[in-house]
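Chemist: With chain A's structure known, arrange chain B on it following the hints.
Going down the list, the sequences are from chains A and B. Counting from 1, one number per residue, gives the positions in the first sequence under our numbering. Counting from 114, one number per residue, gives the positions in the second sequence under our numbering.
Keep in mind that the hints were calculated from the coordinates and are not lab data. Take every hint as true, because none was put in to throw you off.
Taking beta-carbon pairs under 8 Å as the criterion, some of the chain B residues facing chain A (in silico):
id, residue
1, 147
2, 155
3, 156
4, 157
5, 158
6, 202
7, 206
8, 208
9, 210
10, 211
11, 217
Backbone N, C-alpha and C define an ideal beta-carbon position, used for all residues, glycine too.
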Amino acid sequence: NAGVTQTPKFQVLKTGQSMTLQCAQDMNHEYMSWYRQDPGMGLRLIHYSVGAGITDQGEVPNGYNVSRSTTEDFPLRLLSAAPSQTSVYFCASSYSPGPQPQHFGDGTRLSIL
Amino acid sequence: GENVEQHPSTLSVQEGDSAVIKCTYSDSASNYFPWYKQELGKGPQLIIDIRSNVGEKKDQRIAVTLNKTAKHFSLHITETQPEDSAVYFCAANTGGFKTIFGAGTRLFVKA
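Isolated chain A (complex conformation):
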């Protein structure tokens, strides 16, 4: 079982560039989410999805875009990268929406110069 797979593991971008962080899960989970982790701030929710075709905003959605065309995949797009988006990004999934344990990927470390 691969669980939640994130690619790439590391990325360096220049300000203004765009890119897509990939996330895939093989557990047939309905709920998927994206968090960013910054020192001293824990994990903050960017966007989430409760099923294919359904997405919604979390706490810090500005500058990010998501879509969910299949149950397995939930990519996160940075539209125009800014230095403030330098962070570690985690994708997570759970069997159903609501109060359930989440399974996390190993993260993408992103630096914006």
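Modeler: What follows is chain B alone, placed relative to chain A:
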């Protein structure tokens, strides 16, 4: 909105001692409280969780207690070992689609 405060931010204990991490939450509607352990270079991993209809839950050396009246919950690790060294996050969920995390506690267990 919901807020979760976690302390201490850093905790250093001697191997074999106990470690306690405390969290408080603001939304009285919160009903699910997971704890995650994050090792270096890895994603958080669930180690224990508790729901609001339970006051305490134990799993080997790990226990969690919940005080709904005071709106706080705690993680207790007994007989700590060097492999317990990691960052620990508490979190709260109100039953909706959003889980709010604490800022994390870095635990050092000295051999």
